[in-house]
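As a plain string of letters, each chain reads:
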Amino acid sequence: MEKQNIIKSVSYAKWGYIFILPFFLSYAIFSLIPLADTIRNSFYEYYAFGLKTVGPNWTGLSNYISLLSSDLPKYAWNTFVMWVLGFVPQIIISLVLASWFTDARLKIRGKQFFKVVIYLPNLIMASAFAMLFFALFSNAGPINSILLRMGIVGEAIRFMESTLGARTLVGLMNFLMWFGNTTIMLMAAIMGINPSIFEAAELDGCTHIQKFFRITLPQIKPLLTYTLITSLIGGLQMFDVPQILTAGKGAPDRTTMTLIMYLNKHLQAKNYGIAGALSVFLFIISAILCWMVFKMNTDSDPDGSKSAARRARKGGKA
Amino acid sequence: MRKKRILGLALASVTALGLLSGCGGGGSGGLLSGTQASDGGKVLNIYVWNEEFQGKFNENYPEVERLSNDKSVAYLKDGTEVHWIVNPTQDGVYQQKLDEALLKQGRAAADERVDMFLVEADYALKYVDPEVNVALPISQLGITDADIANQYRYTLEAMTGSDGEIRGLSYQATPGMLVYRRSIAQAVLGTDDPEVVGAAVADWDKFYETAGQMKEAGYYMYSGRADTARVYSNNVSAPWVKNDKTVVVDPNMMNWVERSMEDIASGVSHNVPGQWNDEWNKDMGPDSKVFCFFLPAWGLDVCIAPNVKDTAAAQDWAVCPSPQSFFWGGTWLVAANGTDNASQVRDIMLTMTADRELLRTLALNYGEMSNDQPLMEELAQSPDFGIDLLGGQNYIGVLSDVAATVDLSNISSYDQGCVEEFQNTFGDYFNGKISLDKAKANFEMSITERYPWLVGGGVEWP
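Residue numbers (my numbering), protein chains in the order written: chain A, 13 to 330; chain B, 208 to 669.
Hints are computed from structural coordinates only; laboratory data are not their basis.
Straight line, CA to CA, 25 Å or less: simulated SDA-like cross-link-like pairs of lysine to any residue:
hint	chain 1	residue 1	chain 2	residue 2
1	A	Lys277	B	Lys304
2	B	Lys647	A	Asn276
3	B	Lys452	A	Leu79
As the structure is a computational prediction, the values presented were derived from the model and not from experiment.
All chains, please: the whole structure from these sequences, using the hints.
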């Protein structure tokens, strides 16, 4: 009797676990443990004092408090402004390009070629791209010599020394690097729209502009929101371009210093306590953003019954 | 379903932080404990930030028998292998790698240990500190005062710890001088003779008198505020930080701020925002209207020569003493605590920094200002030692006088950080972007980010 029972309980499920084990192991080692360590460090006074090390001494929330009293909100604002400067032109140009490329009526030649070309800037390393712009726009650089030669300006424009100039350059670079990527994503979304809708609209005498605003935009709204949120998360982590462009200084007067550049400043000083606290702040912000993406991508009401019920309830009350 | 969503959310957000926190963890404390210098190791590891010293060593150290094919390893006559570990200075990479290696010195296998490392004056005292004890005092290696009697005083002072022990030796002296254009001197002062020009810039008052003449004639006196910064920061009356707690800004630094701002407004300075950039290089080029630069001996070869090579300005230069003495750069050899090659390290340090014939070769073949005062005084009189770039002028005489007056007693391990942050934060003030008070506030903020233990210590302004 007993023997038979043992034979019956052979399970194949364990192979499933064994196959996914490597991921969880490497995840734990390379992400989860460092993550826990970061959070732990944020509650300690812990930094390098020359070759000596101070701490770790438990200090509770003092790292968080000192961060809140620093210029952190200003760096968050800088990050946001530079993200907007890159994102707004990016989404507009991408929408226009995507609707042109997918329009069956416009027979654009060499579409494939243009798709590759607009994606190319994304293949260059951001730091190399920033180096290039640094050289191009420096006080004695080619852009200034062209402007001077053509007599457009009387003396060299010091782009990097003005807040507007430096921020615009960062926005411009982010725009150039990412608009190709967004275009291709939006094209996929637009091609997912049922072509019969467009045909029907055309039969009814719909103009291009109307088609774009009345059909394309509403139909790709979910993907637009997705692009917005992922770009926000990416923007939150912005550092490579401004870091290289301003040599880590966030010049002028720290108006191009992003949150991650500020984090880097503390990491260079090996100040694990403050850096940890700053990372936790960023974690909370990006967790909220991730939650929004997650919400959007999970349909909690697949057959529409819940919203129908809600409507019914509202109707009943009214 | 609910559980799965929470798990999914948690994983998603945790991944996001994983991306953000890339390098948040780690770092272990503990200084060298129980490490002892010993002898008889087969591998000698030297930490450096470029190949300058490596080249001079390979070509001149008499014990070198042969090099490996890629020159990365030198084999000494006694069979020891010399290995070079090169990390760039930029962004503190060299110091980070060196610190990591030094901190595990006690646990590393004998042939893996750091035996010798090189340092620059700006951060030397960090390693010279007797408390961290990573550098061996030269007295412990058996090097006596008599062995190094000819070396310039300041090169020894720079490496003297709070216990009075010297922990590093240099083969060069890097006093600064004023490098000027002969053609502009000719046009404005009527002569390019170094004696006369030297007299016209003998102190700051005379310097600015001359600057006025330059301006009237349509020239700039100097390139930008970063050029004069070193002259001011080398002549302060106290170290930057008091008791590892309070930053004391020297009145001379504020003089620099005031003077630079005036010079930008009046057009005496060409207002180039830094050094080593395009504009600075163009200011040294043949079409420039900038009269002079503050440079050490190596600056002739590294900064000026490449910008005027094969142009009309290729020999248009001469040197005279700067209005105030200063120094720039310099490389010191330090024996690492815990070395297993103590006697070879001793021999390398002594030969490379105190052997007169070797130092003479360095001076003649590399244009080096060697660290041997009597030798330099001898070469100063020698007619063979003229430099083409300077139209045949022998600059050793100018430098030798300055080297004897360089005073490093106020240097501290904070110099690199404080001077860098000071120049950065006041840069916005010079560009007219922020007020003086805002610049001061920015400096106070930056300095505590760089040195977390200065939080709460305050900054004293003159």
